[in-house]
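Engineer: Work out the full structure: start from the sequences and follow the hints.
Protein chains in written order, with this note's numbering: chain G, 4 to 711; chain F, 10 to 86.
Everything labelled a hint here was simulated from the structure, so no lab data went into it. Careful, some of the hints might be misleading.
Okay, derived cross-link-like pairs now, DMTMM-like style, lysine to aspartate or glutamate, Cα gap no bigger than 25 Å in a straight line [said to hold, decoys possible]:
{"no.": "1", "chain 1": "G", "residue 1": "Lys80", "chain 2": "F", "residue 2": "Asp33"}
{"no.": "2", "chain 1": "F", "residue 1": "Lys66", "chain 2": "G", "residue 2": "Glu498"}
{"no.": "3", "chain 1": "G", "residue 1": "Lys384", "chain 2": "F", "residue 2": "Glu32"}
Where chain F lies over chain G, by a calculated footprint (3+ residues, C-beta under 8 Å) [what the hints assert, rightly or not]:
{"no.": "4", "segment": "59 to 66"}
{"no.": "5", "segment": "242 to 250"}
{"no.": "6", "segment": "288 to 297"}
{"no.": "7", "segment": "493 to 499"}
{"no.": "8", "segment": "603 to 614"}
The beta-carbon is built from N, C-alpha and C at its ideal position, and this holds for glycine as well.
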Amino acid sequence: MSEVREKLLNIALVGNPNCGKSTIFNQLTGLRQKTGNFPGITVEVKEGRMQLPSGRQVMLTDLPGTYSLYPTSSDEKIVASVLTNPKDAHYPNVVVYVADATHLEKHLLLLTQLLDLGLPVMMALNMSDTADEIGIKVNASVLADRLGIPVVAISGRTGANIQKLIGEIEKLFDTPTLPEKHFYPLQEVEKQVAEAVCLNFNLANAYQALLIAHHHEWLPFLSEQNQETIRAIVQDKGLASLRFQVDETLDRYDRFTPIVQEAVQRPPQFPSTPTDRIDAVATHRWWGPLLFFFVMLLVFQAIYDWSTVPMDLIEQFFADLNVWLTSILPSHWSTDLITDGILAGLSGILVFIPQIAILFLLITVLEEIGYMARVVFIFDKTMRRFGMNGRSVVSLISGGACAVPAIMSSRTIGNWKERLITTMVTPFISCSARLPVYAVLVGLAVPDKRVFWIFSWQSLTFGSMYALGVVAAFASGYLMKKVLHTRESSYLAIELPVYRMPHWRNLWLTVWEKVGAFVIGAGKIILIISMVLWALARFGPGDAMAQATLKAQQDAQTQQLNKTEAADLQAAYHLEASYAGYLGKVIEPAIRPLGYDWKIGIALIASFAAREVFVGTMSTIYSIGSSEDDFVLREKMKTARFEDSGTPVYTLATALSLLVFYALAMQCMSTIAVVKRETGSWKWALLQFSYMSLLAYLCAWLVYNVFA
Amino acid sequence: MQRRYRTIPDLKVHESAHALAFEDPALAGKLTAMGLLPGTLIEMVRAAPFGNAYYIKADGVRLALREEEASSILIDV
Numbered sequence: 004m005s006e007v008r009e010k011l012l013n014i015a016l017v018g019n020p021n022c023g024k025s026t027i028f029n030q031l032t033g034l035r036q037k038t039g040n041f042p043g044i045t046v047e048v049k050e051g052r053m054q055l056p057s058g059r060q061v062m063l064t065d066l067p068g069t070y071s072l073y074p075t076s077s078d079e080k081i082v083a084s085v086l087t088n089p090k091d092a093h094y095p096n097v098v099v100y101v102a103d104a105t106h107l108e109k110h111l112l113l114l115t116q117l118l119d120l121g122l123p124v125m126m127a128l129n130m131s132d133t134a135d136e137i138g139i140k141v142n143a144s145v146l147a148d149r150l151g152i153p154v155v156a157i158s159g160r161t162g163a164n165i166q167k168l169i170g171e172i173e174k175l176f177d178t179p180t181l182p183e184k185h186f187y188p189l190q191e192v193e194k195q196v197a198e199a200v201c202l203n204f205n206l207a208n209a210y211q212a213l214l215i216a217h218h219h220e221w222l223p224f225l226s227e228q229n230q231e232t233i234r235a236i237v238q239d240k241g242l243a244s245l246r247f248q249v250d251e252t253l254d255r256y257d258r259f260t261p262i263v264q265e266a267v268q269r270p271p272q273f274p275s276t277p278t279d280r281i282d283a284v285a286t287h288r289w290w291g292p293l294l295f296f297f298v299m300l301l302v303f304q305a306i307y308d309w310s311t312v313p314m315d316l317i318e319q320f321f322a323d324l325n326v327w328l329t330s331i332l333p334s335h336w337s338t339d340l341i342t343d344g345i346l347a348g349l350s351g352i353l354v355f356i357p358q359i360a361i362l363f364l365l366i367t368v369l370e371e372i373g374y375m376a377r378v379v380f381i382f383d384k385t386m387r388r389f390g391m392n393g394r395s396v397v398s399l400i401s402g403g404a405c406a407v408p409a410i411m412s413s414r415t416i417g418n419w420k421e422r423l424i425t426t427m428v429t430p431f432i433s434c435s436a437r438l439p440v441y442a443v444l445v446g447l448a449v450p451d452k453r454v455f456w457i458f459s460w461q462s463l464t465f466g467s468m469y470a471l472g473v474v475a476a477f478a479s480g481y482l483m484k485k486v487l488h489t490r491e492s493s494y495l496a497i498e499l500p501v502y503r504m505p506h507w508r509n510l511w512l513t514v515w516e517k518v519g520a521f522v523i524g525a526g527k528i529i530l531i532i533s534m535v536l537w538a539l540a541r542f543g544p545g546d547a548m549a550q551a552t553l554k555a556q557q558d559a560q561t562q563q564l565n566k567t568e569a570a571d572l573q574a575a576y577h578l579e580a581s582y583a584g585y586l587g588k589v590i591e592p593a594i595r596p597l598g599y600d601w602k603i604g605i606a607l608i609a610s611f612a613a614r615e616v617f618v619g620t621m622s623t624i625y626s627i628g629s630s631e632d633d634f635v636l637r638e639k640m641k642t643a644r645f646e647d648s649g650t651p652v653y654t655l656a657t658a659l660s661l662l663v664f665y666a667l668a669m670q671c672m673s674t675i676a677v678v679k680r681e682t683g684s685w686k687w688a689l690l691q692f693s694y695m696s697l698l699a700y701l702c703a704w705l706v707y708n709v710f711a
Numbered sequence: 010m011q012r013r014y015r016t017i018p019d020l021k022v023h024e025s026a027h028a029l030a031f032e033d034p035a036l037a038g039k040l041t042a043m044g045l046l047p048g049t050l051i052e053m054v055r056a057a058p059f060g061n062a063y064y065i066k067a068d069g070v071r072l073a074l075r076e077e078e079a080s081s082i083l084i085d086v
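Structural biologist: Printed below as a string of structure tokens:
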């Protein structure tokens, strides 16, 4: 079972939630990690390369935190299904078990299960420095002796003893000693079941067989026939799963508690800790909710305030780059492609990196310090009213950054209905990709005047877009709660971890990874779409473009236009005659009731791939023809007029209607893909898409007609 | 006649008692794995701001439980 495969050596990090696993993972892998959090990559766990002292490269996998191999949610199920299946791509050659030295008595249950599985394990005794500070003494050598495995006391935060840990990992690779100790002696019924499963599936380890028997209903690597076989065994022997699981857990405690008592010396009394004092406020009846809204306000304030300077710099950089490129490159269609197509599309989105980075940074800080668990506790009741679980708050708040990782974070919700509703409504929360769209439209149509001393109309409009998303999410949740029915029980039961200072390395890596994923993932789509759009706008069917040129020249003559005006007129005629213009005109009748012209139609079509494409598309459309102008999109959009009536396109009504449309519509291929994957069927993904699009259309129509 | 047991919601703030047994077997699996066992000393810290949930300490570990969850855990008098 644990023969060392020479090519693909895997190490798995396993441990309880809040044991500091990710910090250690980051210490060991640094930037050589990839994430399963972004479209295209369907890995469900984080993995990263690391080098051992001998120079050997190994793959480190960070499995989700779990208390036991008897999972209650789908992220915990990943751990059990990887560790019971030697054929799994992530099945470890060596397991590094991370335990919290300050709560060792709660952290050994899972370890004893790993030992009984016969996996080569070693223990990283994390937070040893914190344990020292609060007067807890852990004798690592006693632990190592009683558990029969190597134990290294480390600190993931300071990096103390990490090298020693790596050395021990190498040793375990060289001589993969299987654990000698076994903790849980199977009861008679369990023994019979395990023997039968072992015999049927040719397994050597009885505990592995028992776990497979307990989990046969959902283990992904079992075929239907396998499940049938095991079901028959379980029924025949009378393995009442729940009762045996609890008995096993209690028996394990009885066996390892004496070891903890021998190895750990703790001060006689827990002093009142900072966590208690913070929670006296953070979970207080009045102060708790108040603090939450204050924190959220602070987050949004930070996004807009801190980002202005870097955003101006990036915008200026692209404007300069464009001018410079136009001046040095020959006048040729390929130059147009670079400046009008690629550069216009890219600058439209890269400008928003500062805001996205700040948003991800602050959400990560809230998670890292342990505040999110308190929010779950405070709002569980509220969320349940809307068909969700307290844990859904984490998804909804993360949805403010990006719906894709947010939907994946709903895996911690055990109840199917609550998780489904969370998945379905999370995309209503205004994500960072909507920021660019809001920024352009609000700046365009809403006056920059102050009201009530501190607020401006612009920031209020921004705020109401976010509020609209939240209202839509909760209303839809309520609706789904009434429609869907399940008998499955739902649990809160969540640990409120000790508050910790955020670790700069974790923060930096998370922000780096998310922003990188955004730039590369979204960048690719945007780049392709802006090139396609440029081509669609540059070329037209048959001799339409040539005729447009001719017509423009004639009209310019009759109207006696000067050179620039003539060029702009020609550009306008060209766009209208192009393939893009043709497409836009086809859908114009459908979107005219919302106040949009065919140019916006082009952007809408493009936005169904990813909504952030809107800004790039508009930049491309409006820069066609007069690329020597400055790059600022808003100025160009302000002068746009309807061709038939000659009234300005971007009135307050149109802008608000567009805002509402972008706030509510499902315009993100990545989200559709992740919803399909997480719900396991196209049904929910398509239902969500249709529902959101329809709602967006109706609300946009309503808003346009109210303000027009 | 006096009851022989209470459940967690009967605890006053800062009052402690030992857990005796669980009435919900599925929840029992989850709670025992998290370290709340029969015999564990449980302290009531506070109720949730909007109600329906409790903040407790089980042997120093901070947990949040819903009303139904808390009332399925029997404690001594």
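Engineer: Three residues minimum, CB to CB under 8 Å: does the segment 603 to 614 of chain G make the cut for coverage by chain F? Let me know.
Structural biologist: The restraint on the segment 603 to 614 of chain G is violated, since only 0 of its residues have a Cβ under 8 Å from chain F and three are required.
Engineer: For the segment 59 to 66 of chain G, does the count of residues with a C-beta closer than 8 Å to a C-beta of chain F reach 3?
Structural biologist: The restraint on the segment 59 to 66 of chain G is violated, since only 0 of its residues have a Cβ under 8 Å from chain F and three are required.
Engineer: Establish whether the coverage given for the segment 493 to 499 of chain G by chain F is satisfied; the threshold is a Cβ-Cβ distance below 8 Å, and no fewer than three residues must meet it.
Structural biologist: With 6 residues closer than 8 Å to chain F, the segment 493 to 499 of chain G meets the three-residue bar; holds.
Engineer: Keeping to a limit of 25 Å between CA atoms, is the pair of Lys66 (chain F) and Glu498 (chain G) held or broken?
Structural biologist: holds (10 Å)
Engineer: Verify the proposed pairing of Lys384 (chain G) with Glu32 (chain F), using a straight-line Cα cut of 25 Å.
Structural biologist: holds (22 Å)
Engineer: Below or equal to 25 Å on CA atoms is what counts here, so check Lys80 (chain G) against Asp33 (chain F).
Structural biologist: Distance of about 21 Å is within 25 Å: holds.
Engineer: Does the segment 242 to 250 of chain G contain three or more residues whose Cβ lies closer than 8 Å to a Cβ of chain F?
Structural biologist: Since 4 is at least three, the answer is holds.
Engineer: Go check the segment 288 to 297 of chain G versus chain F for me, would you? Three or more residues, Cβ under 8 Å, otherwise it fails.
Structural biologist: With 4 residues close enough to chain F, the hint holds.
Against the hints set out earlier in the document, violations occur for numbers 4 and 8.
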